[in-house]
Every structure is written in structure tokens, then in C-alpha cells.
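Q: Working from the sequences, and respecting the hints, build out all of it.
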Amino acid sequence: MENGALITTESLTKQYPVGRGKFTALQNIDLSVDTGEFVGLVGPSGSGKTTLLNLIGALDFPSEGRAIVIGRDTRELSHREAADLRNHHLGFIFQTYNLLPVYSVYENVEFPLLLLKKSAAERRQAVMEALDWVGLTDKAKSRPSQLSGGESQRVAVARAMVKKPEIVLADEPTANLDAANSHNILKTMVDLNRELKTTFVFATHDSKVIRYLRRKVTLNDGRVVGDEEQVPDPESN
Amino acid sequence: MVEWSGMRNRCPTRRAIEMLIFRLALRNILGAGLRTWLNVFVLSAAFVMIIWVQGMVEGMNRTVMRAKIDTELGGGQYWYGDYDPYDPLTYEDSHGPLTESLADLVRGGEATPVLMTTGAIYPQGRVQAVVLSGIDPGQTILRLPSERLAGDGGYGVPAMIGAEMAKETGLMVGDYVTVRWRDVNGTFDADEARIEHIVSLSVPGVDRGLLWLPLGELRRMLQVPGEASVVVAAQGLDEVPPGGGGWTWRDLDYLLKDIKDLVKFKSQSSYIIYGLMLFMALLAVFDTQVLAIWRRRREIGTLIALGMDRFTVIGLFTVEGAMHGLLALVVGAAYGIPLLAWSMATGMAVPEMMSDMGMPVPQVLYPVYGVRLVLGTTLLVMISVTVVSSLPASRIAKLKPTDALRGKTR
Numbered sequence: 478m479e480n481g482a483l484i485t486t487e488s489l490t491k492q493y494p495v496g497r498g499k500f501t502a503l504q505n506i507d508l509s510v511d512t513g514e515f516v517g518l519v520g521p522s523g524s525g526k527t528t529l530l531n532l533i534g535a536l537d538f539p540s541e542g543r544a545i546v547i548g549r550d551t552r553e554l555s556h557r558e559a560a561d562l563r564n565h566h567l568g569f570i571f572q573t574y575n576l577l578p579v580y581s582v583y584e585n586v587e588f589p590l591l592l593l594k595k596s597a598a599e600r601r602q603a604v605m606e607a608l609d610w611v612g613l614t615d616k617a618k619s620r621p622s623q624l625s626g627g628e629s630q631r632v633a634v635a636r637a638m639v640k641k642p643e644i645v646l647a648d649e650p651t652a653n654l655d656a657a658n659s660h661n662i663l664k665t666m667v668d669l670n671r672e673l674k675t676t677f678v679f680a681t682h683d684s685k686v687i688r689y690l691r692r693k694v695t696l697n698d699g700r701v702v703g704d705e706e707q708v709p710d711p712e713s714n
Numbered sequence: 208m209v210e211w212s213g214m215r216n217r218c219p220t221r222r223a224i225e226m227l228i229f230r231l232a233l234r235n236i237l238g239a240g241l242r243t244w245l246n247v248f249v250l251s252a253a254f255v256m257i258i259w260v261q262g263m264v265e266g267m268n269r270t271v272m273r274a275k276i277d278t279e280l281g282g283g284q285y286w287y288g289d290y291d292p293y294d295p296l297t298y299e300d301s302h303g304p305l306t307e308s309l310a311d312l313v314r315g316g317e318a319t320p321v322l323m324t325t326g327a328i329y330p331q332g333r334v335q336a337v338v339l340s341g342i343d344p345g346q347t348i349l350r351l352p353s354e355r356l357a358g359d360g361g362y363g364v365p366a367m368i369g370a371e372m373a374k375e376t377g378l379m380v381g382d383y384v385t386v387r388w389r390d391v392n393g394t395f396d397a398d399e400a401r402i403e404h405i406v407s408l409s410v411p412g413v414d415r416g417l418l419w420l421p422l423g424e425l426r427r428m429l430q431v432p433g434e435a436s437v438v439v440a441a442q443g444l445d446e447v448p449p450g451g452g453g454w455t456w457r458d459l460d461y462l463l464k465d466i467k468d469l470v471k472f473k474s475q476s477s478y479i480i481y482g483l484m485l486f487m488a489l490l491a492v493f494d495t496q497v498l499a500i501w502r503r504r505r506e507i508g509t510l511i512a513l514g515m516d517r518f519t520v521i522g523l524f525t526v527e528g529a530m531h532g533l534l535a536l537v538v539g540a541a542y543g544i545p546l547l548a549w550s551m552a553t554g555m556a557v558p559e560m561m562s563d564m565g566m567p568v569p570q571v572l573y574p575v576y577g578v579r580l581v582l583g584t585t586l587l588v589m590i591s592v593t594v595v596s597s598l599p600a601s602r603i604a605k606l607k608p609t610d611a612l613r614g615k616t617r
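Residue numbers (my numbering), protein chains in the order written: chain A, 478 to 714; chain B, 208 to 617.
Rather than coming from a laboratory, the hints here were simulated on the basis of the structure. Honestly, I wouldn't trust all of these hints.
Unchecked claim - Listed next, the in silico DSS-like pairs over lysine-lysine satisfying Cα-Cα at most 25 Å (straight line): (1) B:Lys471 to B:Lys275; (2) A:Lys641 to A:Lys693; (3) A:Lys594 to A:Lys618; (4) A:Lys674 to A:Lys685; (5) B:Lys471 to A:Lys499; (6) A:Lys499 to B:Lys275.
As the list claims (entries may be wrong) - Short, incomplete list of chain A residues facing chain B, as computed with Cβ under 7 Å: (7) Asn531; (8) Asp537; (9) His556; (10) Arg557; (11) Ala560; (12) Arg563; (13) Asn564; (14) Phe569; (15) Asn575; (16) Val579; (17) Pro589; (18) Leu591; (19) Leu592; (20) Val667.
To be verified - Derived list of chain B stretches under chain A, where covered just means 3 residues or more per stretch with a C-beta under 8 Å from a C-beta of chain A: (21) 235 to 243; (22) 497 to 509; (23) 606 to 614.
For glycine and all other residues, C-beta sits at the position ideal for the given N, C-alpha and C.
A: Next up, the structure:
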């Protein structure tokens, strides 16, 4: 593990049983992500982006090699410890928003703080602050079914950010959004990354997202085929 | 880098997690709308029906026992010799004079002698075996209108039968019927009995094959002056004299044992209905849980991704299922309490076809809802619902969060 790295993977391999054989989704991935990075795992469908994101998020465990996240080897974590890691240090943003349908916007954003046993006053302040970041304070009482796709994803961003995690893992966050909404969401993320020093790791093949990245890790057939720094250029076509 | 140490100290306590689960579960099942209320209604209907049916059975048992006590057993009985109420062959020889202490009890109005023997009557030319029961017309120990046996000195021996017996024999008040018996010397004799009264008992059936006659008349007919087969003690006597002189004391526990055993046996069938209703209601909960887990697998994945461990998620779904039971209790209480109270006050007329279920059945059933029945059923429903809810929920433990997030189940 490199000094100061928030995420390190060493010879990370993930295989799935398929019939009598095995399908290798990731093979020997060596990667290091430092605090405050705005990095994207890019590549075509089936290249292993989501699998790598899931391994970093301790939602899945490697077949070989290891993923060290916030100083912990995810292989050594029990289910409960993995839940603690996600609870305290990780935020997730999904392509399909995954908002809890019976809760209001406020309650959806509040949910991670309930798990963290924050007091009501702390929760209220943090939720309103998060909704303010994404510009949805006026929608606090709305239900997810009353929101547009862009608004739903902004709620998901607020939910991921409300506990101010060290890392946010975003899986195709703009795949269901139009260009304007994608731009808004990404701009919000860039601002939060800059303001809170939160590390963002994207899995995406959306060119709109790629233009915002400061580092692009390219995957193909489960292998890293490129890892380059880049200057974000959101305005380019 | 954030230090991992100390993370443990910041973990939510068990109580906080329990509160969170409770809050989320309540929100989830209320948010499910009609689906929840349909389940709750089915469960509450089963809950109310179980209590109602069991209350009916309990009410029937108590009414039958009360009727037996009031019309036959009193507060206990002294039996003479080999007297056995279930063996009429013992009646002829099981009668004897009262001891002094029993006679004192009778004189004090705390007991009444009854003489029993077997005989036959000939209603409409048919022969029917009967038990002739001689009771004192002036007695007040048994709740029978025995004063109707006092007679007016007219023709025939005054007699009284029950409504069920009247129906079986076609006898009516004022009818004469030939009675045949065998006296103490073994000589057959016969006389005409005049039906003075047809008594309507709350429990038809206890009067079957029974012909009440005045005690003095039966003693005369059998040629056993001053003798009795049974001495029935008043209810609630603090102290009863011991037997002796051929008399044996039988308390209510002894006297009711057979009917209690019969009631217990008959109650088994009510448990089948109990089980069936509970099964149907639990099936609805189980089905809802399976459907919920299938429909909400992406939500399950999200909860896990947000930091909820899978056992807490299982707890959440189990509590959601159990809450159906809790809501069913509230809803069931809202319409069940007035309904059950009404049925307790008005009773339910038992159809004639059900008047013989192998044991006497009251004409009107008044259900009895004991604390044990209500609390026991409540507890059983809650435990069953929780167990049934936890079965599908336990599958979450095998669900991979990554599959759940993609809406996949295995």
C-alpha cells in the first residue's frame, strides 16, 4: 500500500462460477487511489468496472489478491465489519438511484445518519446541509415517486454525502439522466470533492462523466489497460 | 487517512438499532398501503374467529357443566352401596337408609335424597327404558321445578319429564303413561303416571330417558321407605359430613371427571378449526413476506450498501411481518371486542340438528372469553406471525448484496 493511499488493490482477481468453469471478471488489478481524487473506472460493458467498485465497497470479496480500503483488507472483514466500513466511510450512488420508496426525500437522506446513531439535531442540520448542496431543500417532504430522474439522483448524491464519507463510489450515476441533469450532478460532485476533499470513484462509460474526471483508469476484459491523469474539460463536446 | 480504531465505539448500540428497525418497519408496512391492510384484515379476522370459536366451545363446556351441577350433581353427592350413575344395573340394589348425619343434613335443607331405579314406560304403545328418579317435591337443592310433582291427589302418579324426553316420546302435559318397575322384592308392578310438567332445561339432553317422580311415591312403589340411592348436597357447603353406613362421599371433581374428559376430547376438534384458521392467516403473511423480499431485493441491496448489516435487514423484515400481527391485534380489537361482547350478551341459538354432538349441547350458547384464551391466542398469533415472517427473511442471509442491487435473487 502506498503511503497516503485511501484505496489500494493488489493483484485483485474476481472469478464467478459459470457452469463447471469459472468466469474471470477481474484479473490482477493493481490500483491505488489517494485522498481527494476524482477518478473514473472506464471501459465498455463487461469490462469489470462495477465488479471493481463492488470489491472496493466491500459488497463483494475477491477471489484472489486483496483490496485495502481505509487501511482494512476487505477479505478479513466479517459481514458486520464490512457493514461498519460502508456505514462510516463509504457513500454509494447507483445508476437507478435506489431511493427507499416509502420514505420522503428528507428521510432518505437522513437514513445513513440513523445508522450512525446521530442525534436528531445533528441529523437535521446535516440533512438540510446536504439537501442545500444539491439544491433540493424545497423537496424535502416529497416522495421519490414525485421526483424527476435528475432530482432523484441529486437526492442519492445528498444521501451518499450527508455523512461526509471519505470515499464515494458512483456506479454509472448519469446513465439515466439527460445532458443537463448529468452536468448538474457532476458539477455538484466536483464541488463537493473540492470542498470536502471526498474521494470519488466512478464506474462509467459515459463520455459526459469522463470529461469531468481528473484521472481515468481504463479497464478491458477485467484488466487495467490504461491509467492516466487528465485535465477535466466539462465544456467540450 | 481515517483511523479504523474507534470505529467500534461509534457503532450504534443494540437499542438504537432496535428502535431504528421498529421505526423503519412501521414506515415500510404503512407505506405498503392496501397490501398491508388486506393482510392485517385477514389476520385480524382469523384472530377474532379463533377467539370466538374457542369462546363458544368454552361457553358450551361451562354451560353443560353448570346444568349438570344445577340439575343433578349439586355441590357433591353421597352414593349408596355400589351406585354408579353410568351403570343402571347397579340402581336396583344401591339404595339404603340415610345415616343420622345425612338425615340431619336433609332436615337442615343442606341436602336432598334422590332414589333411582330402572323401569319402563309405554308411550303410544311403545316400550322405552327409563330411569325413575324420585325427588322430594319440596327440595330446593337442585334447580328443578320439583314442586310440580306435589300433585293434586288426582289419578295417576305425578311425573315430570324434560323437553327432550317429551319430544322423543311424544308425551305432553296431562298425558297418562304406563310405568313399569320392579320393587325391592323383585316383583314387577305397573301404574299410570300423569305428566304434570315438561321442564325445559338449558341443556337439552341431560333429561333423556329420565322420569322424575315424587320421592315418597317412588319409595312406596319400590317398598323402600326412608331409603335413597343418592343424597345431593347443596352447592357451597363449607363442610360435609363423612360418609359411612354404606354411603360414600363424591365431590364435584370426582363427579365431573367424566364430563370433563368428554369435553376435553370434544375440544380437540375445535383445535383443528383453530389451526386451520391460523394456518390460512399465516399463509397470507408468509406469501406477503416472500413477495416483499422478491420485490424489494434492490432495496435490500441498498440497505446493505448504506451500511446496514444483513442480520439487521433480516430483523427489519421479520419485524415488518410481526407488525402485521401487531396491527391485526389493534384492528381485531377495534371490531372484535364489540362483536365478541355482543355475542357474549345475546348468545347464539344452536340449530336443532346440532343438539346431539355426543354430549348435551345448550339451546343457546353463551361464549366465554377467558383471559387465558385471549392472552394465549394473542401470544400464539404473535409468535407464529414472527416465526413465519422470519422464514422468508432468513433467505436474505444468503443473498449477495451485489445480486440484490441488480435485482437478482437466487
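Q: With chain B as the partner, please determine if A:Asp537 meets the hint condition of a C-beta pair closer than 7 Å.
A: With Cβ-Cβ at 5 Å, under 7 Å, it holds.
Q: Between A:Lys674 and A:Lys685, does the CA-CA distance stay at or below 25 Å?
A: With Cα atoms ~22 Å apart, A:Lys674 and A:Lys685 stay inside 25 Å; holds.
Q: Does A:Leu592 meet its interface restraint, that is, does its C-beta lie within less than 7 Å of any C-beta in chain B?
A: holds, 5 Å
Q: Taking only the CA atoms, is the gap from A:Lys499 to B:Lys275 under or equal to 25 Å?
A: violated, 78 Å
Q: Tell me if the interface restraint on A:Val579 is satisfied: Cβ within less than 7 Å of some Cβ in chain B.
A: holds, 3 Å
Q: Go through the hint on A:Arg563 and say holds or violated, using the shortest Cβ distance to chain B against 7 Å.
A: holds, 4 Å
Q: Is the shortest C-beta separation between A:Phe569 and chain B less than 7 Å?
A: holds, 5 Å
Q: Count the residues of the segment 235 to 243 of chain B whose Cβ falls closer than 8 Å to any Cβ of chain A, and tell me whether that reaches three.
A: Since three or more residues must qualify, the claim that chain A covers the segment 235 to 243 of chain B holds, with 4 doing so at under 8 Å.
Q: Counting residues of the segment 497 to 509 of chain B whose CB is closer than 8 Å to a CB in chain A, do you get three or more?
A: Since 4 is at least three, the answer is holds.
Q: Are A:Val667 and chain B close enough, Cβ to Cβ, to be under 7 Å, as the hint says?
A: This hint is violated: A:Val667 lies away from chain B, its Cβ roughly 22 Å from the closest one there, beyond 7 Å.
Q: Given the hinted pair A:Lys641 and A:Lys693, is their alpha-carbon gap at most 25 Å?
A: holds, 24 Å
Q: Check the hint pairing A:Lys594 with A:Lys618 against an upper bound of 25 Å on the C-alpha distance.
A: Distance ~22 Å between A:Lys594 and A:Lys618 Cα, so the pair holds.
This entry does not satisfy hints 5, 6 and 20, going by the numbered hints stated previously.
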